[in-house]
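Chemist: Spelled out, the chains give:
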Amino acid sequence: MNEALGYFFMSWVDPRLLGLIAAGTFAGIYIGAIPGLSVTMAVSILISFTFKWDINSALAVIAGIYLGGVYGGSRSSILLNIPGAPSAIATGLDGYPLAKRGEAGAAIGLTTVMSVFGGFIGILALAIAAPAVATLALKFAPRDYLMLAIWGILLVGSLSGGSLAKGIFAGAVGVLIGSVGLDPMTAEPRFTFGSLQLTAGISYVAAMIGFFGVAEVLVQLHEMHLKAVKQNVDKIIPPWHLVKKYLPLAARTSGIGVVVGALPGAGGDIAALMAYDHAKRTVKNPSSPFGEGAYEGLVAPESANNAAVPGAYIPMMTLGIPGDAVTAVIIGAMYIHGLKPGPMLMIETPHLFWFQVGALTLANCFLLVFGLTGIKIFAKIVETPKPLLLPLILMLSAVGAYAINNNPADVYWMLGFGVVGYVFKMYGFQVGPIILGMILGPLMDSSYRQAMISAEGNVGQFAGEFVTSPLSAIILAALTFTIVSQTAWWQRLRGRTSA
Amino acid sequence: MHTSRRRLPGELVFSMLLIAFSLFMLWQAYSISKFESFTSAGSFPMFAAMVMLLSGLIAAGETVKLTPLPGAEGESAWRQFVRQMTPGMLVQFVLAIAAYMFLLERLGFVMSSYLFLVISMRLLGSRKWVLNIWVSALSLAVVYLVFKTIFSVVLPSGTLLQGLIK
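Protein chains in written order, with this note's numbering: chain B, 1 to 499; chain H, 500 to 665.
Hints listed in this document are in silico derivations from the structure and should not be mistaken for laboratory results.
Wrong hints could be hidden among the right ones.
Over 10 Å on every C-beta distance to chain H, these chain B residues come out as not near it, computed from the model [to be verified]: (1) A165; (2) K166; (3) I347; (4) K386; (5) L396; (6) M426; (7) R449; (8) G457; (9) V459; (10) S469; (11) T482.
With a Cα cut of at most 30 Å, we get these calculated DSBU-like pairs of lysine-lysine [unchecked claim]: (12) H:K627 <-> B:K380; (13) H:K564 <-> B:K376; (14) B:K425 <-> H:K564; (15) B:K139 <-> B:K280; (16) B:K280 <-> B:K244; (17) B:K376 <-> B:K284; (18) H:K647 <-> B:K52; (19) H:K647 <-> B:K380; (20) B:K376 <-> B:K100; (21) B:K235 <-> B:K284.
All C-beta atoms, glycine included, are put in the ideal place defined by N, C-alpha and C.
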């Protein structure tokens, strides 16, 4: 216990780590707030620069950026009615009407406090649940990992409102990109087309920067005409009675945030939308009607999306399965540092877990400080014109892709993936499942083959084990439900039941 | 939570291309180790390619059902595609990125990045040259210092002016 506390406070007493978390949180708020810059994009680019650092420093700065970025999106939602991040879409529904009424300061203040509250609930859940999940995860068979990985890809492909078929397609593309190179079991070349370069596989950092950085920049070119509406910001710190009034709602929606964040593949954006929906259904007398400046419409999504951040760390740390796109990138960072997230990592290097819990807690404290200060300068910075901003993002992306291996070919891969990602995005395909597929592909491949080998290559026995083991049966049921709930038949059935 | 969106120009062709690509990948996956065994190197890629093909077919079916986005009067399908999917600014910007990548190795990070920033800012509609020149110089200086000192990143030094500008 004392040991765990020591690791928890490691970043609090080391001035370098403390400074990195502060800088990360500060930068994260701005990255999250500037429309066109996303947390996933920033973390993808960042890992290519921090791979030479020690793992603690890299994870500390990433934790700060992640937590700050998810919160930061709310600011541009409130001030400009342009969500800085997908997790802030719901925030703008009531935040912007509040700003139009001249209550932007109060809205930002309340948002900050509730985001921090949600963050603490999430961290508490992470500290309590993760060790328990890791112990349970030791009982997981390879087939369970296979199903969890498939479930993660399905969830990210379906829950954010797109077509399930397109989500699955994107996930499968990612799996195939992830299997380029030599087979780790038999060393047979796969999809190398006779190229020596491809035998080493495709750099997933280049792919991540391409899909999340370059593709996003290209999509943004279609929105160059959107002009920001300037707002006045006044008093920021919310009165205590207002905070007290909304704490019960924030506690409920933080719970939603943690659970949704912990689901493999589902992140802050889905958590925020579900929490907003929950508030709409359960709050009888909101401060204003929802959509017209209800404080409840701010409290619910903002507490949920920040609670989802530590929530997403749960499957990442315990199962090695990302909770969302950012944690997929963080897993990539851990691989680069020679670590393999999963139950054994929790058992063999518990200090790394407690260090991350401590870093997230510290980042959450910094969030409160930075969230309640510097709004006026902030309002100016988020209005940076896109013609100046987008080339800068591109330059950072190119250097990030180059820096990981000092290989110019990676920069071309990045551009290629960026263009493909742009076309995918324009035609309604999400790029998140591609990255999840790339990261999870090797795990799925090895899990499938281990499960098949343990069934002695007998397909009947292999299939039977999915239903005879209680744990596998539960995961299979969840997986099946995810698919069935997306079908037209299920939607019709639900419509009939609720009618 | 499905959104009722319109079919964009070229979307149907893109769906067909994805199906063709899935078939190609399935063939490639099959070529790895044929039907050797259920645990061979090609077994899981074959499964993934099959999933890709099936979901690609379903996605194409969904695309067929969408109502096409109406174009301007008298506008051909090709023109509509160019206008909405590959506007001039986008094509020029992608070409500028490709040129930047080509020059990155030859001119080095500082020179190529500066040229890219100034030119692409202009391409994207920032008409004040002086502003572009200053913003590019300032941001490049910050990025260069941060990368070199904090991140210790090795930046491309360039083959043409090596030793002169690193």
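Chemist: Please go over all the hints and tell whether each is borne out by the structure.
Modeler: Hint check:
1. Its beta-carbon lying about 4 Å from the closest one in chain H, A165 (chain B) breaks the requirement of being farther than 10 Å from that chain.
2. With a least beta-carbon separation of about 5 Å from chain H, K166 (chain B) fails to lie farther than 10 Å from that chain, contradicting its non-interface assignment.
3. Once the 10 Å rule is applied to beta carbons, I347 (chain B) is consistent with being away from chain H; the minimum gap is 28 Å.
4. For K386 (chain B), the non-interface assignment is contradicted: its Cβ lies about 7 Å from the closest Cβ of chain H, within the 10 Å cut-off.
5. Once the 10 Å rule is applied to beta carbons, L396 (chain B) is inconsistent with being away from chain H; the minimum gap is 7 Å.
6. M426 (chain B), annotated as away from the interface, has a beta carbon of chain H within 10 Å; the closest lies near 6 Å.
7. The claim that R449 (chain B) is not at the interface with chain H is violated, since a C-beta of that chain comes within 10 Å of its own (minimum 5 Å).
8. Interface exclusion of G457 (chain B) from chain H breaks down, the closest Cβ pair being 5 Å apart, not more than 10 Å.
9. The beta carbon of V459 (chain B) is not kept farther than 10 Å from every beta carbon of chain H, the shortest such distance being approximately 7 Å.
10. Every Cβ of chain H is farther than 10 Å from the Cβ of S469 (chain B); the closest lies at roughly 19 Å, confirming the non-interface assignment.
11. Once the 10 Å rule is applied to beta carbons, T482 (chain B) is consistent with being away from chain H; the minimum gap is 13 Å.
12. For the proposed pair K627 (chain H) and K380 (chain B), the alpha carbon gap of about 19 Å is at most 30 Å, so the pair holds.
13. Distance check on the hinted pair: K564 (chain H) and K376 (chain B) sit about 49 Å apart at the alpha-carbon level, beyond 30 Å; violated.
14. Between K425 (chain B) and K564 (chain H) the alpha-carbon distance is near 19 Å, which keeps this suggested pair within the 30 Å criterion.
15. For the hint pairing K139 (chain B) with K280 (chain B), the CA-to-CA distance comes to about 40 Å; that exceeds 30 Å, so the pair is violated.
16. In summary, the hint linking K280 (chain B) to K244 (chain B) is supported, as the alpha carbons are separated by about 19 Å, within the 30 Å threshold.
17. Under the criterion of a C-alpha separation no larger than 30 Å, the hint pairing K376 (chain B) with K284 (chain B) is inconsistent with the structure, at around 35 Å.
18. Proximity of K647 (chain H) to K52 (chain B) is assessed by CA-CA distance (about 12 Å); at most 30 Å being required, the pair is judged to hold.
19. For a cut-off of 30 Å, the pair hint linking K647 (chain H) to K380 (chain B) stands: about 28 Å separates their Cα positions.
20. Distance check on the hinted pair: K376 (chain B) and K100 (chain B) sit about 16 Å apart at the alpha-carbon level, within 30 Å; holds.
21. The hinted pair formed by K235 (chain B) and K284 (chain B) meets the criterion: a straight-line CA distance of about 28 Å does not exceed 30 Å.
Against the hints set out earlier in the document, violations occur for numbers 1, 2, 4, 5, 6, 7, 8, 9, 13, 15, 17.
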